[in-house]
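Q: The residues making up each chain are set out below.
Number of protein chains: 2
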Amino acid sequence: MRIIECIPNVSEGRRAEVVDAIAAAIRGVSGVRLLDYSSDPAHNRSVFTFAGDADGVKAAVLALYERALPAIDLRTHRGEHPRLGAVEVVPFVPIDGVSMADCVALAKEVAQEVTTRFGVPTYLYEEASLNPARKNLEDIRRGEYEGLAAKMRAPEWAPDFGAPTPHPTAGASVIGARMPLIAYNINLDTNRLDVARKIAAGIRHSSGGFRFVKAAGFELKERGIVQVSMNLTNYEKTPIFRVFETVKREAERYGVSILESEIVGLVPAAALHATAEYYLQIAGFNANQVLENKLRAAE
Amino acid sequence: MRIIECIPNVSEGRRAEVVDAIAAAIRGVSGVRLLDYSSDPAHNRSVFTFAGDADGVKAAVLALYERALPAIDLRTHRGEHPRLGAVEVVPFVPIDGVSMADCVALAKEVAQEVTTRFGVPTYLYEEASLNPARKNLEDIRRGEYEGLAAKMRAPEWAPDFGAPTPHPTAGASVIGARMPLIAYNINLDTNRLDVARKIAAGIRHSSGGFRFVKAAGFELKERGIVQVSMNLTNYEKTPIFRVFETVKREAERYGVSILESEIVGLVPAAALHATAEYYLQIAGFNANQVLENKLRAAE
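Each protein sequence line maps, in turn, to chains S and W. For the record, in the first sequence the residue sitting at position 202 is 202 according to this note's numbering, with numbers rising by one throughout. For the record, in the second sequence the residue sitting at position 255 is 255 according to this note's numbering, with numbers rising by one throughout.
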């Protein structure tokens with residue numbers, strides 16, 4: 001089986017009819033399975049997760065643009081989450097029988113097609129990036145939609161495809177390839193935002209922490225607690241259990257304990273198996289010892 | 001998909017040609033997949049693991065008897081592991097799309113057929129047992145092959161199928177249905193066998209421990225360490241992480257730490273996922289968040 005996962009983020013999280021219409025467009029593409037979609041009204045943003053082979057996910061991305069672009073106008077869009085595009089970011093992720101190189105090639109092909117067909121300038125990011133200074137989504141997005149026209153005039157921020165002019169209502173898109181990402185939050189048994197922020201600063205790559213962790217501290221006001229909100233961008237090299245244990249230890253420093261953690265959306269089974277191996281100190285374990293893997297391998 | 005797993009234990013672990021011939025007989029049954037087999041020469045015993053639908057696993061069990069019975073003679077069999085039959089125990093385990101009741105019905109059907117076709121008296125055990133005093137394999141096996149003729153003469157030990165007389169070379173068989181079993185060992189960083197034995201006594205059901213744990217302490221002489229060797233017979237009700245943490249805590253009592261643990265053979269993915277949930281304190285997790293589960297559910 002050749003499976004690529006695609007997880008576009010779209011700048012609409014309040015109008016359910018728009019979000020549902022986009023979901024319906026993805027479902028309408030044969031050979032593609034819509035696995036999940038969810039909206040955050042405060043962020044005014046939705047995330048769609050689907051999977052299929054290269055042709056299928058390409059067709060689904062184009063169907064998504066077709067439905068989203070007429071419905072979203074960034075000139076009037078407001079939300080807590082930074083954004084520079086109506087269809088903000090489109091990552092392709094290798095899941096099964098597909099290499100990272102395959103996903104990079106697909107990202108380039110789709111980015112070119114989006115520009116040609118819809119007139120939206122596109123940037124390539126992460127593994128598909130052609131330029132080390134433009135690998136991170138956050139760097140590309142800095143300045144947001146409102147600052148995009150000025151930013152694009154600088155030669156170093158010319159898009160990879162299309163003219164250096166934002167699409168009037170849709171801004172630009174960031175398209176690329178990456179490892180599966182785990183959206184992982186740890187809630188702390190305190191209302192001290194400074195503690196969540198200090199811990200986030202200690203574990204994230206940008207300020208000296210783990211190579212594949214992005215993190216920020218947030219307040220969950222309605223619950224009177226704080227959260228270390230993370231993206232784990234390579235769970236093989238920076239595993240979830242090491243991040244959890246470090247957060248726990250850092251919290252102890254402030255007399256704070258972990259209330260709970262949460263996985264937002266999907267997690268690869270291998271990330272959970274590695275966690276069990278670590279805590280149970282299992283020696284010599286291999287994936288073929290998982291009953292379900294063994295059954296499928298024998299099919 | 002309707003999948004039943006079957007894990008027969010056969011009293012031969014030294015003659016590779018006999019073990020391989022049994023494996024070949026199982027492989028020869030269409031619709032059945034041989035997942036694993038391994039032999040323990042000290043125990044003089046082998047374990048076969050295969051899966052398929054009810055008709056398939058029934059045919060594979062009969063093929064196994066056909067090959068094993070002429071090759072094994074318990075009158076001359078010696079090994080460290082207690083045994084009462086050439087084909088000692090045949091459990092059926094529900095894996096996917098099959099209920100425990102289905103497996104109980106299959107166990108009764110196969111037990112009757114084994115007695116009719118091969119003249120081996122059979123006992124029903126675990127979920128298939130008709131008698132609460134004959135639920136546990138250990139109780140049925142007590143006295144072993146050598147004591148079987150005398151034991152069978154007692155009315156309470158008449159077999160469920162067949163005359164109360166052992167098969168001359170093959171003894172009797174114990175056939176039934178049960179939950180997936182996890183064979184799990186914890187190695188301790190000490191050579192004190194008394195510590196392993198005390199911990200085993202503390203955690204196993206028979207002496208006051210967890211409901212679904214069988215345990216014994218062993219010496220691993222060649223490594224100069226000891227082992228708490230366990231069978232976890234219902235990982236949903238007595239989860240692996242609770243057993244691990246209890247062994248760790250009990251070992252601390254003697255100033256001993258855990259060196260490593262090992263899973264022998266196969267483990268259901270759900271047992272590993274529950275372990276990750278526990279240690280990472282994950283709130284509100286469900287199996288559909290596992291990427292691979294979601295992909296399969298959408299197929």
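Hints are supplied without guarantee of correctness; some may be wrong.
Chain copies aren't distinguished; within one or between two, either way the pair holds.
Cross-link-like lysine-lysine pairs, in silico, DSS-like; alpha carbons within 30 angstroms at most [to be verified]:
{"hint": "1", "residue 1": "K294", "residue 2": "K151"}
{"hint": "2", "residue 1": "K108", "residue 2": "K248"}
{"hint": "3", "residue 1": "K198", "residue 2": "K221"}
{"hint": "4", "residue 1": "K214", "residue 2": "K294"}
{"hint": "5", "residue 1": "K237", "residue 2": "K221"}
{"hint": "6", "residue 1": "K151", "residue 2": "K237"}
{"hint": "7", "residue 1": "K108", "residue 2": "K294"}
{"hint": "8", "residue 1": "K248", "residue 2": "K151"}
{"hint": "9", "residue 1": "K248", "residue 2": "K198"}
{"hint": "10", "residue 1": "K135", "residue 2": "K214"}
{"hint": "11", "residue 1": "K294", "residue 2": "K198"}
{"hint": "12", "residue 1": "K294", "residue 2": "K221"}
{"hint": "13", "residue 1": "K135", "residue 2": "K108"}
{"hint": "14", "residue 1": "K237", "residue 2": "K248"}
{"hint": "15", "residue 1": "K221", "residue 2": "K108"}
{"hint": "16", "residue 1": "K237", "residue 2": "K135"}
{"hint": "17", "residue 1": "K198", "residue 2": "K135"}
{"hint": "18", "residue 1": "K135", "residue 2": "K221"}
{"hint": "19", "residue 1": "K221", "residue 2": "K151"}
{"hint": "20", "residue 1": "K198", "residue 2": "K108"}
Think of the hints as simulated: they come from the structure by calculation, not from any bench.
Q: When Cα atoms must be at most 30 angstroms apart, do K135 and K214 count as within-copy, between-copy, both, or neither?
A: within (14 angstroms within a copy, 53 angstroms between copies)
Q: Within a copy, between copies, both or neither: where do K198 and K135 come within 30 angstroms Cα-Cα?
A: within (26 angstroms within a copy, 57 angstroms between copies)
Q: Within a copy, between copies, both or neither: where do K135 and K221 come within 30 angstroms Cα-Cα?
A: neither (34 angstroms within a copy, 54 angstroms between copies)
Q: Are the CA atoms of K221 and K151 at most 30 angstroms apart within a copy, between copies, both, or neither?
A: This pair counts as neither: shortest intra-copy Cα distance 35 angstroms, inter-copy 70 angstroms.
Q: How would you classify K135 and K108 at a CA-CA limit of 30 angstroms: within, between, both, or neither?
A: Answer is within; shortest intra-copy Cα gap is 14 angstroms, inter-copy 63 angstroms.
Q: As a check of your reading, is K108 near K248 (CA-CA no more than 30 angstroms) within one copy, between copies, both or neither?
A: For K108 and K248, neither the intra-copy (40 angstroms) nor the inter-copy (52 angstroms) Cα distance is at most 30 angstroms.
Q: When Cα atoms must be at most 30 angstroms apart, do K214 and K294 count as within-copy, between-copy, both, or neither?
A: The answer is between: 25 angstroms across copies meets 30 angstroms, while 34 angstroms in one copy does not.
Q: As a check of your reading, is K237 near K248 (CA-CA no more than 30 angstroms) within one copy, between copies, both or neither?
A: Close inside one copy (20 angstroms) and across copies (28 angstroms); limit 30 angstroms.
Q: Treating 30 angstroms as the Cα threshold, decide for K237 and K135: within, between, both or neither.
A: Only inside one copy: K237 and K135 sit 18 angstroms apart there, 47 angstroms across copies, limit 30 angstroms.
Q: I want to check one pair: K248 and K151. Are their C-alpha atoms no more than 30 angstroms apart within a copy, between two copies, both, or neither?
A: neither (40 angstroms within a copy, 58 angstroms between copies)
Q: For the identical chains here, do K198 and K221 meet the 30 angstroms Cα criterion within one copy, between copies, both, or neither?
A: within (18 angstroms within a copy, 49 angstroms between copies)
Q: When no copy is specified for K294 and K198, does a C-alpha distance of 30 angstroms or less occur within a copy, between copies, both, or neither?
A: Neither, since 43 angstroms and 35 angstroms both go past 30 angstroms.
The structure shown violates the earlier hints numbered 1, 2, 5, 6, 8, 11, 12, 15, 18, 19, 20.
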